[in-house]
Structures are given as C-alpha cells and as structure tokens.
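Participant: Here are the chains, one letter per residue:
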Amino acid sequence: MSAVLYHGEPNGPSLSVLAALEESGLDIETRHIDLRKGERHALPGVTDAVALDMAVEGEGPVLVVDGEAMSEAVFLAQYFDEQAGGAGLQPEDPYAHWQMLMWCRQATERLSPAVAYLGIFASDAPSEARLSPIASEDLRARWQDWRDGAIDEGKAADSRAKIAQFAERTENQLADGRDWLMGEFSIADLETYAWLIGAQELEPAAFEGKAALAAWMERVAARPSVQKALARAQTDNPRRSFAPGPEINRWG
Amino acid sequence: MAEVKLYHWEPNANSGKPMLALVEKGVPFASHYINMLEFDQHQPEYLAVNPQGTIPAMFHGTRILTESTAIMEYVDEAFDGPALMPSDARDRWRIRWWMKFMDQWLGPSFSMIGWCTFVGPSLAHKSPEEREAMIARIPLPERRVAWRKAMFAEFGEEELAESKRRIALGVRMIEEELGKRAYIGSNQYSLADINIFNSTYMLPVGNPELTSPELTPNLWRWLKTVYRRPAVQRTWAMGSGRFTDRFNAIMGEFA
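Protein sequences, first through last, are from chains A and B.
Counting in our numbering, the first sequence runs from 1 upward without gaps.
Counting in our numbering, the second sequence runs from 1001 upward without gaps.
Please note that the accuracy of each hint is not assured.
Stated by the list, open to error - Which chain B residues stay away from chain A? Per the calculated CB distances, all over 10 Å, these:
id, residue
1, 1109
2, 1211
3, 1212
Claimed, not checked - If you want the footprint, here are the derived chain B segments under chain A, 3+ residues with CB under 8 Å:
id, stretch
4, 1061 to 1070
5, 1097 to 1106
6, 1126 to 1137
7, 1173 to 1180
As the list claims (entries may be wrong) - With beta-carbon atoms standing in for the labels, derived distance ranges:
id, chain 1, residue 1, chain 2, residue 2, range
8, A, 250, B, 1209, 44 to 54 Å
9, A, 224, B, 1209, 19 to 29 Å
10, B, 1238, A, 183, 33 to 43 Å
11, A, 177, B, 1051, 23 to 33 Å
12, A, 177, B, 1225, 47 to 57 Å
13, A, 249, B, 1238, 42 to 52 Å
14, B, 1159, A, 148, 15 to 25 Å
Note that these hints are calculated values from the structure, not bench results.
Where is the CB? At the ideal position from N, CA and C, for every residue including glycine.
Next up, chain A with everything else stripped away, as it sits in the complex:
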C-alpha cells in the first residue's frame, strides 16, 4: 500500500488530521502543500478524484492511498484510528460513539463553515488563485467570492453568532469538570480544537471569561500529537491560514 497525506498549514482540518495521524502511530508520509494556492487540486498520481473534487469540507487535507484520494477530516481521523486497529480516538460504547459523531457533525456543519468563511475574508485574497482545476462549481464559487472580496454581511453575522454559540456550547460541555469533551479523549477534541483556535483569532470576545474552555484548549495544545502537528507550520501564525471551507447551509 502506498499512502501520502497532503496537508496545508496546521490549522482547521489539516491540524486535526495531522494530530490524528500522530495519535494513531501509523507510519504515513506527509507532504506540505499550499491549500491557499489551490495546490490540492493538482496532486500527482491521483487516479480516482471523486472525493478530492467533491468534498463537502472544501479545502482540507487529502490522503492518497493507491491512487485513491480520500478527504473529510473526521473520516480521515476515523480511518487512521481503525487502520491502526483502534488507537483510542473513538469511544467503543455505541451510544458514546453516537454522541461523538453528533458532536463532530455539529462542529463540521456549524463551526467550520463559520470559521472558514470569516477566516478567508480576514486574510489576503488569492492574487493568482488557481481556479481552473477546481472541478466543483460550488467550491469554485467560494474561491471567486474570496478573490473578489464579495463578503455577504448576512453570512458574516451568522458566522460570528455560530462561533459564539460553539464556544458557549464547548464551555457548557466541560462544566462538570471533565478533561475531554466526550469524557475520554477522542476525535471530537481534535476536530473542535482545530477550528476553535482559528476562531479565537477572529472572534476573541467569544472566548472571554470561559475558564473551562481555556483550560481545555491548553490541555489539547499540550498533547504531543498536537505539538508535532503545529511544528509543521511554515508561516509565523498558522492560526491565520484559511482556505475556502464548507458552504454555509443553503437548505434545511
């Protein structure tokens, strides 16, 4: 089996997937690419590009296994955990597993679109965004809005509200004094942390006065897997590195 993980700066989905790989202990080659230049869309040796082109997640890391491109951060983390024969990243009890999946789904549907949306407009627009190789029309439209500075104030306000709600929700989840979101450490901690640190850069007020949240963020940051992932940064502040993420919910 040949496998390469292509990832961007350690923020958002690239951070959670790199940390999950470290936690799993799997020996998989990693290569740094610039997601903000669309480099993900021109990977060598990709023969099966469905999951690369059409990922709901937008610009995230891509694992290429035997020519098949694999995407979606939470599912890549589950893949690493299961490929390693169970690395302790998912609860074994079915109900606890359901709770973790529900938490991750809230994070990927509500938090990550909000952070990515505010994040791209808060950073330099792509001067030479390589839009042509992007097969997905709706993802390309999000790149074009970024290039044109076409921020929708309604979506921006909704995104700020969703970040505040998720910070509050995380604080409440930790209110009983637990160390990790699901009790035991899991993918939920990595996925949530990976988006909240970028959110904190954009909306610091949403994090003020939340002691349990702050202590939990320090605990996650202190994990060797997260430290190793952050050490792969090539810019001064990877927390400000954003590329177009999931679309803002368009129906239902």
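Starting from the known structure of chain A, fit chain B onto it as the hints suggest.
Facilitator: This is chain B only, laid out in the frame that chain A set:
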C-alpha cells in the same frame, strides 16, 4: 433487550433510513408515525422527545437518539444481526464519505425540489394565518426559513436551478461509483446503500431523463438489487399513501 421506539414519517429519505436499518438487522421496534404534513413534529408531545422538532428520533431504553445517519450507525453497532458496515478501514471511510455527500450536498437538493413540488402544495389549502401559526411553532430557525419557503412558494429560480444541477451531477457520480463496485463504497450492502436508496428509489419515475437502463445501467442494476431485498419490501409496506403506492408501482415495473 431494552425496548426500541422509533418516531418516523414515511419510509422515505431521512425517516426511511433508521426504519430500514432496524428491519435489516432484525430488531423489533414500536413504530410511532409522525405526520409531518400535519406538523406533529412541532407538537409538545413530540418536542418532549426531541426538542429540535426534527424527525426521525429513536428511543433505545432510556437513550434518545436523533439524526438519521447517526442513528443507523448506532443501530449497526448496538445490535446483533448482519453487519451493515464492512470491516476494511478504507471501505468504511468510503461509506462515510458517500453518506456525508448525500446528507449535506445531494440530499438537500432532492429535498428542496421535493418541498417545492410536493410538500408546499400539500399545505396550500390551509389559510395563511394557519400556515403562519405552524411556522411559529418550529424550534430551529433554519427549519422556519425552509418551511416558509415551501408554504408560501418563495423559492428563487436560481436556487432551484442549482438544486437541479446538483441532482443531475449527483446521479452521474453515483452511476460512476456503482461502475466500480457492487454497492456504494464497497462490495457489500451497507449503511451507504440504505442511505442513498432512500433518496434515489423514485428516480426512475421522478427523473426518467436522468435514470434509465440505457443512461445509468449501474444505478439501474443496483436499484433492482436493493428493491428486491426482503427487508426493503417489508419496510415500504409499513408506509401509507403516496410513497408506498409509488414504490410498488416502480417495483411492478421491475417484476
């Protein structure tokens, strides 16, 4: 074994997913029919079960579970019976990928067209005041927006065109996927087949311009294979009205 209670609408889309998963696993359950078009899901009795007011929801003993795909994953893990997920890690990844693609990209487009052409008109006989009162009871703001569009026919041309584009592309992608493997994402029947079948079984009558033995031979083969499963027939027999009639009409054509 703790008792299983399922709150669901017709065997179709989100409600049909946990119904079919339970029947495939051979798990007996008490069925609580929620009439979505009468807004049973926003009545106090149901909000006590699921404060979000979304269907389906499932009790397993005292545990309450929501979100159709996540419920299916729980059902597969918590009960004996045939495995509805393969053991290979890459197959499992692929199944999850396709379910997310359906739940968050293709499914909402099917839903928008369905609500525009069926759900909205089904409520047109109610007075505007009655419809406003129904909307006011909906807990989630996103759902209030969706129901308002459906009930007052406020869909824009552009968003309907975008949904139709996604449906045509999604059907082509599923056709391509089923040209690679016997089932969605793997070579065994799984949660991804239950998920995607629930939103595609009506394509032969609803979208014959996209789905036919000539245009989509692999999708056609797969639809027939899944249609013929005893659990599928038992599940659709639990429905009432238009969905089951339509299902049986399609089955008749294949017989």
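Participant: Next step is simple, just say for each hint if it's right about the structure.
Facilitator: Verification of the hints:
| no. | hint | verdict |
| --- | --- | --- |
| 1 | 1109 | 7 Å, violated |
| 2 | 1211 | 19 Å, holds |
| 3 | 1212 | 23 Å, holds |
| 4 | 1061 to 1070 | holds (count 5) |
| 5 | 1097 to 1106 | holds (count 5) |
| 6 | 1126 to 1137 | violated (count 0) |
| 7 | 1173 to 1180 | holds (count 3) |
| 8 | A:250 <-> B:1209: 44 to 54 Å | 24 Å, violated |
| 9 | A:224 <-> B:1209: 19 to 29 Å | 55 Å, violated |
| 10 | B:1238 <-> A:183: 33 to 43 Å | 37 Å, holds |
| 11 | A:177 <-> B:1051: 23 to 33 Å | 25 Å, holds |
| 12 | A:177 <-> B:1225: 47 to 57 Å | 52 Å, holds |
| 13 | A:249 <-> B:1238: 42 to 52 Å | 31 Å, violated |
| 14 | B:1159 <-> A:148: 15 to 25 Å | 21 Å, holds |
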